[in-house]
Amino acid sequence: MSHDIHPYIGFEEYSEHVPQSIPLAVQQATTRFVGGRAARVAELPQWEQLRQIGSDIRQHTLENMDVHLTRLEEKVEQAGGHVHWAKTAEEACRIVLQIAKDHNVRTAVKSKSMATEEIELNGALEAAGIRAIETDLGEYIIQLAGTGPSHIIVPAVHLTKEEIAALFSQHLGIDAPADPIELARIARETLRAEFLNAEMGISGGNFLIAETGTLVIVTNEGNGRMCSTMPDLHVAVVGIDKVIPDWESLTVFLKLLARSATGQKLSTYTQFITGPRRAEGEFGPKEFHLVLLDNGRSNILRDPVGRDVLKCIRCGACANVCPVYKNVGGFAYGSFISGPIGAILSPQMLGTPTARELPYASTLCGACADVCPVKIPIPTILRHLRRRVAQGDEFAASTMPIPIRVTAMFASIALAWNWVYRLGARLLPIINPFFRKNDWLSGLPYPLNRWTKVRPLPPFTATFRKWWNVRSAKWKDSTR
Amino acid sequence: MPKAQLFITCLGDQFYTSTLQNMTYLLERLGVELSFPPEQTCCGQPLFNNGFEDRTRAVALNFMHAFSKSDAPIIGPSGSCVSMVKHHYPSLFEAGTPEHALAVDIASRTFEFTEYLVNVLKVTDVGAVYPHKVTYHASCHYLREMGLKTEAKALLNAVQGLEYIPLNEEETCCGFGGAFTVTYPEVSRAMMENKVRNIIASGADTVITCEPGCLMNVAGGLHKAGSPIHAMHIIDLLSSKEEPA
Numbered sequence: 001m002s003h004d005i006h007p008y009i010g011f012e013e014y015s016e017h018v019p020q021s022i023p024l025a026v027q028q029a030t031t032r033f034v035g036g037r038a039a040r041v042a043e044l045p046q047w048e049q050l051r052q053i054g055s056d057i058r059q060h061t062l063e064n065m066d067v068h069l070t071r072l073e074e075k076v077e078q079a080g081g082h083v084h085w086a087k088t089a090e091e092a093c094r095i096v097l098q099i100a101k102d103h104n105v106r107t108a109v110k111s112k113s114m115a116t117e118e119i120e121l122n123g124a125l126e127a128a129g130i131r132a133i134e135t136d137l138g139e140y141i142i143q144l145a146g147t148g149p150s151h152i153i154v155p156a157v158h159l160t161k162e163e164i165a166a167l168f169s170q171h172l173g174i175d176a177p178a179d180p181i182e183l184a185r186i187a188r189e190t191l192r193a194e195f196l197n198a199e200m201g202i203s204g205g206n207f208l209i210a211e212t213g214t215l216v217i218v219t220n221e222g223n224g225r226m227c228s229t230m231p232d233l234h235v236a237v238v239g240i241d242k243v244i245p246d247w248e249s250l251t252v253f254l255k256l257l258a259r260s261a262t263g264q265k266l267s268t269y270t271q272f273i274t275g276p277r278r279a280e281g282e283f284g285p286k287e288f289h290l291v292l293l294d295n296g297r298s299n300i301l302r303d304p305v306g307r308d309v310l311k312c313i314r315c316g317a318c319a320n321v322c323p324v325y326k327n328v329g330g331f332a333y334g335s336f337i338s339g340p341i342g343a344i345l346s347p348q349m350l351g352t353p354t355a356r357e358l359p360y361a362s363t364l365c366g367a368c369a370d371v372c373p374v375k376i377p378i379p380t381i382l383r384h385l386r387r388r389v390a391q392g393d394e395f396a397a398s399t400m401p402i403p404i405r406v407t408a409m410f411a412s413i414a415l416a417w418n419w420v421y422r423l424g425a426r427l428l429p430i431i432n433p434f435f436r437k438n439d440w441l442s443g444l445p446y447p448l449n450r451w452t453k454v455r456p457l458p459p460f461t462a463t464f465r466k467w468w469n470v471r472s473a474k475w476k477d478s479t480r
Numbered sequence: 001m002p003k004a005q006l007f008i009t010c011l012g013d014q015f016y017t018s019t020l021q022n023m024t025y026l027l028e029r030l031g032v033e034l035s036f037p038p039e040q041t042c043c044g045q046p047l048f049n050n051g052f053e054d055r056t057r058a059v060a061l062n063f064m065h066a067f068s069k070s071d072a073p074i075i076g077p078s079g080s081c082v083s084m085v086k087h088h089y090p091s092l093f094e095a096g097t098p099e100h101a102l103a104v105d106i107a108s109r110t111f112e113f114t115e116y117l118v119n120v121l122k123v124t125d126v127g128a129v130y131p132h133k134v135t136y137h138a139s140c141h142y143l144r145e146m147g148l149k150t151e152a153k154a155l156l157n158a159v160q161g162l163e164y165i166p167l168n169e170e171e172t173c174c175g176f177g178g179a180f181t182v183t184y185p186e187v188s189r190a191m192m193e194n195k196v197r198n199i200i201a202s203g204a205d206t207v208i209t210c211e212p213g214c215l216m217n218v219a220g221g222l223h224k225a226g227s228p229i230h231a232m233h234i235i236d237l238l239s240s241k242e243e244p245a
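Chains S and B are the protein sequences, given in the same order. Residue numbering for the first sequence follows our numbering, beginning at 1 and increasing consecutively. Residue numbering for the second sequence follows our numbering, beginning at 1 and increasing consecutively.
Simulated from the structure, these hints should not be mistaken for lab results. Every value quoted in this text rests on a predicted model; they were computed, and no experiment measured them. Don't be surprised by glycine CBs; every beta carbon is placed ideally from N, CA and C. You may find that some hints are simply not true.
No farther apart than 25 angstroms at their CA atoms in a straight line, the calculated lysine to any residue pairs in the SDA-like style are these [said to hold, decoys possible]:
no., chain 1, residue 1, chain 2, residue 2
1, S, 466, B, 205
2, B, 149, S, 34
3, S, 476, S, 458
4, B, 3, B, 132
5, S, 476, B, 33
6, S, 474, B, 149
The following residues of chain B were derived to be distant from chain S, with all beta-carbon distances above 12 angstroms [as the list claims (entries may be wrong)]:
no., residue
7, 61
8, 63
9, 68
10, 118
11, 124
12, 169
13, 178
14, 195
15, 206
16, 213
17, 220
18, 241
Just a few of them, taken from the derived set where beta-carbon distance is under 10 angstroms, the chain S residues facing chain B [said to hold, decoys possible]:
no., residue
19, 40
20, 44
21, 78
22, 79
23, 266
24, 268
25, 323
26, 370
27, 379
28, 420
29, 449
30, 456
31, 458
32, 460
33, 472
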């Protein structure tokens, strides 16, 4: 996935054809997460302080990323691991393929990873003749469905249990019931064989601790542990933004992450991986490779406003509270990452020519910023990126269609030259009789047809000024 | 006698004359001497929020000049427009310039209507009577940018005869979002319909907001849904005993 090949993201077009089942399925899950999060947050009186500390640590890390990454590399290698640097998505895929080729890998098991979704690793592996099996239940489901994830932590959130049962029946040649427990059992049985069979395990990573070169993986299903310990080879693909200074920092993020994501105090499994196994008979793979992915991140770091997006710890809380996300689902955002965080990451990672609609996919209601565990000022960054789209900035030229730019110019003139505005306000009520129906206006021409197709508009009145003038004149007369 | 300048907002100006009249009566009854700078148009938020910051400056300058003829506080019936002036005007101009100094001055004396009543005049009971079941929609910028969590409720609480009914998802956006309504009308529709469903399910006969934008959206949505529920600006409810001029 890179700037030049990613297709244009048509949020508006998608938003007009959202399958009916998606908002229902999404809202069911997000309502549960929002409730769980609120309950966990209420238990911690120091929650706001924790958020501030988390935000400060991430800020510090972004500002000193070179130092922490250098230290991380040194420590991973000291522990016997191999570190690879990937400037682009293609390069990251190439590195993983080379490692697979060197070890004659035919089957790879994968634990859930946003970084490998970002680089579209599964497609690259398949093209090279390597079977890649997703082992997180949600990822397994969307792999069967042949789509990307529609939520950061629950990738198949858009599907109902009936749809999932149908997928299982179709792909596994069985008669799968629409029962979540039974479906999980079927997946577990199918995947068990793959774990035993695979020559390579692929994971992402939630954090990279620079202090000791430790990869931290947070999961609920235990599949991450299977992927990283059963095969003799473990490859982790992790964005450079995941680095944190030390273990003390980790304690803060572990407190913030699961509470914000699923409403758990801690996820079921928290794994710490420092290099491969050191002796025969010890736990873990023989070889450990860490692929550090840039893919536009160091470019984003150059923008002092936009770079706060890299503070993200991928909890998905912003999507869970976002009324836009909850009504369109994750696919509307057109890339591996959706919701408010996707709306501020994709335009920076893929460029505004590709993702110019996304910064506008928000009412700027601010619910996301309220819940973000690392206090990313999402509405501020949305406005910042809207500026980039509308008028261009030092990072990109304007990509706003010319008619809208011309409209903005005329609007600016009308609102700044107050006699133009006042004249307009007097003239607008003239149109009322043509569109009036029961005290409301409907069927208005473009662009207001886009308002009235959804709900009617109150009639234009603009009579306050006149009323005020008459009243002031009377008052003056009476006091004269 | 406190003085104040009326900031009527462009949506108020276009669509809500009686609300602005009620605002005038209410403030005057509370002993505020009002003036109205006729040069005011719009705060410029529609341009600003859509990324046209350079085009916003001229609009902001018009506003600042209109309101700088008096040093009285500026009172507006919209948390969103007030937040634009209060929180974003200073960022439009380079620090150290006279425009920036003026923006900071204007920002420091601009207040949202309920904020001014409750926090400046220290009034919660304005003598209103409204014997109805009332629910309340918390508007996003009013709530989150202005941080006004308790003011509207304190005012409603003091209204005689009013039965307050909490709204499910009270703090969820109604789908207005200014230009958002015409940029992504179908998403706006889904959000509005969700809000309207919650309002109808509340069992209230009146829904209150402190924002002309949300009011247009929610009232239009209720009308379209065929619901008899009244959507009202809080000013109109607080004036429910007022005699028209």
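* Would you settle whether the hint for residue 370 (chain S) is holds or violated, based on the nearest Cβ-Cβ distance to chain B being less than 10 angstroms? => holds (7 angstroms)
Exercise for the section: Classify the label on residue 124 (chain B) as holds or violated, using whether its beta-carbon is more than 12 angstroms from each beta-carbon of chain S. Expected result: Holds, because the least Cβ-Cβ distance between residue 124 (chain B) and chain S comes to about 26 angstroms, which exceeds 12 angstroms.
Satisfaction of hint between residue 149 (chain B) and residue 474 (chain S), Cα-Cα up to 25 angstroms = Roughly 40 angstroms separates the two Cα atoms, so the pair is violated.
Holds or violated: the hint that residue 323 (chain S) contacts chain B, with Cβ atoms closer than 10 angstroms. Since chain B brings a Cβ to about 5 angstroms from residue 323 (chain S), closer than 10 angstroms, the hint holds.
Exercise. At a threshold of 10 angstroms, is the proposed contact between residue 456 (chain S) and chain B supported by beta-carbon distances?
Worked result: holds (5 angstroms)
- Query: Would the pair residue 476 (chain S) and residue 33 (chain B) pass a check requiring their Cα atoms to be no farther apart than 25 angstroms?
  - Reply: Roughly 14 angstroms separates the two Cα atoms, so the pair holds.
> Can the restraint linking residue 149 (chain B) and residue 34 (chain S) be considered satisfied, given a maximum Cα separation of 25 angstroms?
Replying inline: holds (20 angstroms)
Against chain S, does residue 63 (chain B) hold up as non-interface, every C-beta pair farther apart than 12 angstroms?
Answer for residue 63 (chain B): violated, closest chain S Cβ roughly 9 angstroms.
- Was the hint right that residue 458 (chain S) lines chain B, CB cutoff 10 angstroms? Since chain B brings a Cβ to about 4 angstroms from residue 458 (chain S), closer than 10 angstroms, the hint holds.
Next item on the list: With chain B as the partner, please determine if residue 266 (chain S) meets the hint condition of a C-beta pair closer than 10 angstroms.
Entry: violated (28 angstroms)
Holds or violated: is the Cβ of residue 195 (chain B) farther than 12 angstroms from all Cβ atoms of chain S?
violated (9 angstroms)
Take the shortest C-beta to C-beta distance between residue 472 (chain S) and chain B; is it under 10 angstroms?
holds (8 angstroms)
Hints 1, 3, 4, 6, 7, 8, 12, 13, 14, 16, 17, 19, 20, 21, 22, 23, 24 from the earlier list are contradicted by this structure; the remaining hints agree with it.
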